[in-house]
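> In case you want the letters, here they are:
Protein chains: 2
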Amino acid sequence: MKKNLIVGQSGGPTAVINSSLYGVISEAFQSSDTIDNIYGMENGIEGFLKGSIIDITHKISNEELEAIKTTPGAYLGSCRYKLPEDLEDEVYSNLFTAFEKLNIGYFLYIGGNDSMDTVSKLARYANSINSTIRIIGIPKTIDNDLVHTDHTPGYGSAAKFVAYSVREIALDASIYDTKSVTIVEIMGRNAGWLTAASVLARKHENDNPVLIYLPETDFNKEAFISQLNQHLEVTNNLVVCVSEGLHDASGNFVCENETCTEVDNFGHKMLNGCGKYLENLVKNHLNIKVRSIELNVTQRCSSALLSLTDLSEAAIAGKTGVKAALNGATGQMVAFKRISDTPYQLTYELVDVNEICNQEKRIPLEWITKQGTDVSNDFISYVQPLIQGNISVSLEDGLPVFAYRK
Amino acid sequence: MKKNLIVGQSGGPTAVINSSLYGVISEAFQSSDTIDNIYGMENGIEGFLKGSIIDITHKISNEELEAIKTTPGAYLGSCRYKLPEDLEDEVYSNLFTAFEKLNIGYFLYIGGNDSMDTVSKLARYANSINSTIRIIGIPKTIDNDLVHTDHTPGYGSAAKFVAYSVREIALDASIYDTKSVTIVEIMGRNAGWLTAASVLARKHENDNPVLIYLPETDFNKEAFISQLNQHLEVTNNLVVCVSEGLHDASGNFVCENETCTEVDNFGHKMLNGCGKYLENLVKNHLNIKVRSIELNVTQRCSSALLSLTDLSEAAIAGKTGVKAALNGATGQMVAFKRISDTPYQLTYELVDVNEICNQEKRIPLEWITKQGTDVSNDFISYVQPLIQGNISVSLEDGLPVFAYRK
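Here the protein sequences line up with chains A and B, keeping their order. Heads up: the first sequence begins at 1 in the numbering used here, then just goes up one per residue. Heads up: the second sequence begins at 1 in the numbering used here, then just goes up one per residue.
Since the hints were made in silico from the structure, they are not lab data. Just so you know, not all the hints are guaranteed correct.
For chains that are exact copies, the list does not tell them apart, and a pair is met inside one copy or across any two.
[To be verified] Straight-line C-alpha distance at most 25 angstroms; calculated SDA-like pairs for lysine to any residue:
| no. | residue 1 | residue 2 |
| --- | --- | --- |
| 1 | Lys203 | Thr178 |
| 2 | Lys203 | Ile391 |
| 3 | Lys82 | Arg362 |
| 4 | Lys289 | Arg80 |
| 5 | Lys406 | Gln30 |
| 6 | Lys289 | Leu49 |
| 7 | Lys203 | Thr369 |
| 8 | Lys50 | Leu232 |
| 9 | Lys361 | Gln388 |
| 10 | Lys203 | Trp367 |
| 11 | Lys50 | Ser180 |
| 12 | Lys203 | Glu396 |
| 13 | Lys59 | Thr34 |
| 14 | Lys337 | Asp397 |
| 15 | Lys179 | Ile53 |
| 16 | Lys203 | Ser61 |
| 17 | Lys370 | Glu360 |
| 18 | Lys59 | Asp207 |
| 19 | Lys82 | Phe99 |
| 20 | Lys406 | His231 |
| 21 | Lys59 | Arg202 |
| 22 | Lys203 | Val393 |
| 23 | Lys82 | Lys179 |
| 24 | Lys406 | Val234 |
| 25 | Lys406 | Asp207 |
Given the sequences, and given the hints that come with them, work out the whole structure.
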């Protein structure tokens, strides 16, 4: 008997989370001998609990599907909803009753480590009631912090945006014949993958960004000022890249804004103001021009700087997830395994989602230079393939044409 | 007798100030029957006073010239240097002695209203000593605030970046099924041209950005909160675009940071923190998620979102300036005269630089809606042609290849 497939998106958006959605939907369309209807959860599992679903099979045309592939954000809407730890909670029986009503056989969830927590719980509950619904996770996060996968969809495009923008900012910052410091604050609470990608903007030794600070190491204000002074002897206009999650040796975040102590639904601290804080620090210690730039959400939603590699892998991850579900896999996440850097080669595999959820992969310390101010060539070899290739998004009157949920 | 040409750049950088430099240099190369050597001032008139010049004729290859065309920043370096008001000051005789030594016949200066002040003073001094050096200004500013020209090179590309990014930010901000306000702070101290361009991101009524606040009108905090509340009844996730130079009816800037009172060399207040201030204001008045995004320098140095129209016009402005100088013009700035919106047609003319310098063109009040929260269709017809057409910048390993002064 044919079953239906349901797909949802969860957590923060990326430039290619919809490419994975495209992958799921197009693979499901191609599996019409096994899959009957395709449903989408609106606003993830939280929206599904409220009954918000859309009939993708009948509502999304092939043309729309193509536009979805290059649309940033989360086409289906997203949520930051944590399912109860207690699998006896009635929310689970409610969910599975609803799945049954919809004749769901395949549940695909695109998200980061918090979303994999949802996948894990649903898979464990399904197992406990002997449900045959296959529950599969598709990775997604610009933070690149999922374990057991070489990297995550969304990271490559964000990394490209960071490197590209930092190279442009360095040009912008270097036009005057005066000394200056420009601090670029880049996303990353606990893992510095995205900030580290700024190294690609550098073309030669002593070129900008001259200093890169990551949350994998402790940040020391005195050392920072002294490192700036050292570099100012060689370079007039310094560009310094910092992760939003910089912290001192006691684990206190480097930020001045009271919002840095706000906490989201998953208990993560929400950071704000590290760049602005450092701007003021430099202003008070060095009598030179200083500016801070927060790349902000543009780094995760830019469609002008999509990495073709990232976008393609995101789509294949979605397709691979559907194939895995059809083959009987459940409680697994699609993961990337790198075969080689040069030429860049990748295979796709499945990993037990319980080993992934609620964990964070950080940059290996051996990829960070001793002073904690730079990354190694090993990191460059790692990240370079991920930003390759370009996509031309359809334009109308000079602006991008995106897909919007009706 | 053949004369030499010298060209300089001054003021803040744009994405196409180097396209104008390309225009000047390529036209000068083509005028080798009249122009002997081409020199560049490093860091504008300030650098020239220190003797920093480069021999463009012998140092810049055709290949480098092509790369200059699409390189953001200011290839020759820039300055924010104000020449003395007193034309009897010895700086003028020093300058013209140096010009004479270099056999300069043509002086081209690419910049905004402050730089046109330099052009005006040099032209007046040249006149007072019966010098035959022709002094010509090429317009440049993302602020689009020069009078007597339909628009300025640099504005179109920055406007495209703003509209493009705001459309993406709106997608990013709309993924959760909760109410939120996203405040986008856009450059513009006294003129709202760039902020107003965010209207192009809007696809239909009530679409984001729902509110646009410009420095041409007075900002009222109570009215702002009430306008947000009105829109939140219709739309869950509001994107609001604000100019950095928002001020209240008493003329006080809307910002919280002490740097908003800093003053640059020309006596302009340097603003900071309007978006962050409004973020906190909304946080305190409405119990919903709020975020502020400062587009910052990326809006003026993005090469991924160059407008072909802007870039071409910038280059033609440079060429036109050289031709004008060769034809005997001096003390003039190249200006744009629009013939029609549809089809978009433009001619180039010369305007007395004395009528341009130290003035600011603001958005006509009839192009701003009555409540001061939006712009009219007349503005849309004005700005739309300026963002059209795309450029592909050369890439290497996924990142742009720019030209750098040796």
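> Checking against the hints above, which ones are violated?
The structure breaks none of the hints.
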